[in-house]
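Following the hints, put chain B in place on chain A, whose structure we already have.
Going down the list, the sequences are from chains A and B. Each residue of the first sequence is one higher than the one before, starting from 1 at the first, in my numbering. Each residue of the second sequence is one higher than the one before, starting from 1001 at the first, in my numbering.
No lab work stands behind these hints: they were computed from the structure. Fair warning: this is a prediction, and the values are worked out from it, not measured in the lab. We put the CB at the ideal spot given by N, CA and C, even for glycine. Do not rely on the hints blindly, as some may be mistaken.
[What the hints assert, rightly or not] Coverage of chain B stretches by chain A, computed from C-beta distances (three or more under 8 angstroms per stretch; other residues unrestricted):
no., stretch
1, 1052-1058
2, 1262-1270
3, 1295-1305
[Claimed, not checked] Estimated spans, in silico, between C-beta atoms of each pair:
no., chain 1, residue 1, chain 2, residue 2, range
4, A, Asn-249, B, Thr-1288, 38 to 46 angstroms
5, B, Met-1112, A, Asn-249, 27 to 35 angstroms
6, A, Glu-251, B, Glu-1131, 48 to 56 angstroms
7, A, Asp-283, B, Thr-1288, 46 to 54 angstroms
There are 2 protein chains.
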Amino acid sequence: MKKLINEPSDVVDEMLDGMVAAHPDEVRRLPDSNVLVRNDAPVDGKVAVVSGGGSGHEPTHAGYLGPGMLDGAAAGEVFTSPTADEVNEMIQACDAGKGVLNVVKNYEGDVMNFETAAELAEMESDVEVAEVVVNDDVAVEDSLYTSGRRGVCGTIFVHKVAGAMADRGEDLDEVQRVAQKVIDNVATMGTALTSCVTPEKGEPTFDLGEEEIELGIGIHGEPGVERTEMMPADEITERLTERVLDDLNPESGAEVATIVNGMGGTPLMELYIVNRKLQSLLDERDLTTWDAWVGDYMTSLDMQGCSVTVLVLDDELKELLSHPADTPALKVR
Amino acid sequence: MKKLINEPSDVVDEMLDGMVAAHPDEVRRLPDSNVLVRNDAPVDGKVAVVSGGGSGHEPTHAGYLGPGMLDGAAAGEVFTSPTADEVNEMIQACDAGKGVLNVVKNYEGDVMNFETAAELAEMESDVEVAEVVVNDDVAVEDSLYTSGRRGVCGTIFVHKVAGAMADRGEDLDEVQRVAQKVIDNVATMGTALTSCVTPEKGEPTFDLGEEEIELGIGIHGEPGVERTEMMPADEITERLTERVLDDLNPESGAEVATIVNGMGGTPLMELYIVNRKLQSLLDERDLTTWDAWVGDYMTSLDMQGCSVTVLVLDDELKELLSHPADTPALKVR
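Just chain A, same shape as in the assembly:
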């Protein structure tokens, strides 16, 4: 399998340097570390919002560094949690004395290392750390790397909302409260048309036939709920959307924000075709789309496929989603 890489063991290191080379005014890399932070971190007068996880999900998470979103992003090796030491470094580099919110996707390694890091940072520098764990994937209750639901693309809404609240100068409790509000009101489900190929292995993580797809796939190629034959985009979109809406069970007339997220190898053309059907399904359920995002927000290397995310809104969440953000991967004016 061909990839634009050099040594497989260097991909994360070289990618991080390439990100800094693309955005030198916006992000910097901590010395001898796979942590990127906002160039101006720590930012006086605000709570810091940080995240991280395995690499291979770009632009997640470092693409969301900047005013109105994240202060720090710790990158592990491909599909591997960042170490507790690196997360600790990140927390301390971002804290401006008002505390730090860890936004953690629900994978056992991430949860463990972020918790250890929070204890270290509290012990070493008296940093106040709060945490939220995102578990928006409605496909499976437990999986290969999780107990409880996995954290996937809904995490980007958490970054946006918590980052906005922090940017307003609110305190750590408030930033944590709105992050949790997003988590309580967001759901996602994905599908894979092809497996991803990790740089180290160089071969598909799992086998999927020429006419097969996997519904409910995780972002590391973990098994989903069902392997089924290929279907038209409209039918796939229906299957994903129904399950997401069954989980959320929004009231008729509710306003929502949506993401049609590409898994890394899917052209934008196909994502727009999925979005067309998603929006018509929401309309049929008497839901009003207040904002619709379409693109690659949380990928799985070169996997072909997509996920559908729905967030049920209230006035506070709409205000925070509208708050300006200026990051490499997401700009809101």
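Positioned in the frame of chain A, the structure of chain B alone reads:
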């Protein structure tokens, strides 16, 4: 080959509806047409900048509709020029009395249909139309669909600069002048790791072995300059960059803007790895990168690969690149 589509013959129609559903406040579709325009078109007091071409290159071109960039984008079927009638419709829908600049990529069908459309618009409604033809691909002099060099990703810099000049209220001559200045100072070369697969055919457009790549590929899978064995990303980047810089021959100390563009199926991780090497090569040549873009700007369906674009800058071009833009695919604050 699996794709998130319904009927292959419906992909363009459904994609355009999906784009409007994602950006209803920003773009609208002309009735019974594959033309999208800015929601507020025609915009009083400014020259209109329009473009278009075959579909399959998303976010090109409709992703660049909005303040500071394009007023109209005509979408043909996949890899097929839009009709002269649709381009004519677009020109007339966007003209606010100050004239229209057609930004055309150098493919025979596009050039012919945009020229016919300009004549029709002038005849029917007395619209003043000017044109620039983008031919930034340094790979081959003539190709399957062109006499002269092909127009590829450098076109996005033309959209940005011409759109900024128009947004400032300058006249048609001035907007055309700066568009041509970009064309005279930009060069691009691409590579394919895999072929694209068109929805109609459902099979690779060309065969490329498991250990082969094609250097100098076009955005429709047209042959490049050389089929060679797979190389590390650094070596590929060197080959592309050298050829681009040989063509431009910038003075030592010059400032440049760059694009590492994904072809649709390449993960962002790999594009950043290419960007890292590109920036170090520019540095070695004593060139200063003033701005570096990394992402999917002009794709070729699901093709894996990338292109490298370099634009040599002067103060005017820097000012125009910095001018605000607010489009689905590119936002400059």
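Out of the numbered hints, which ones does the structure contradict?
-> Structure breaks hints 4, 5.
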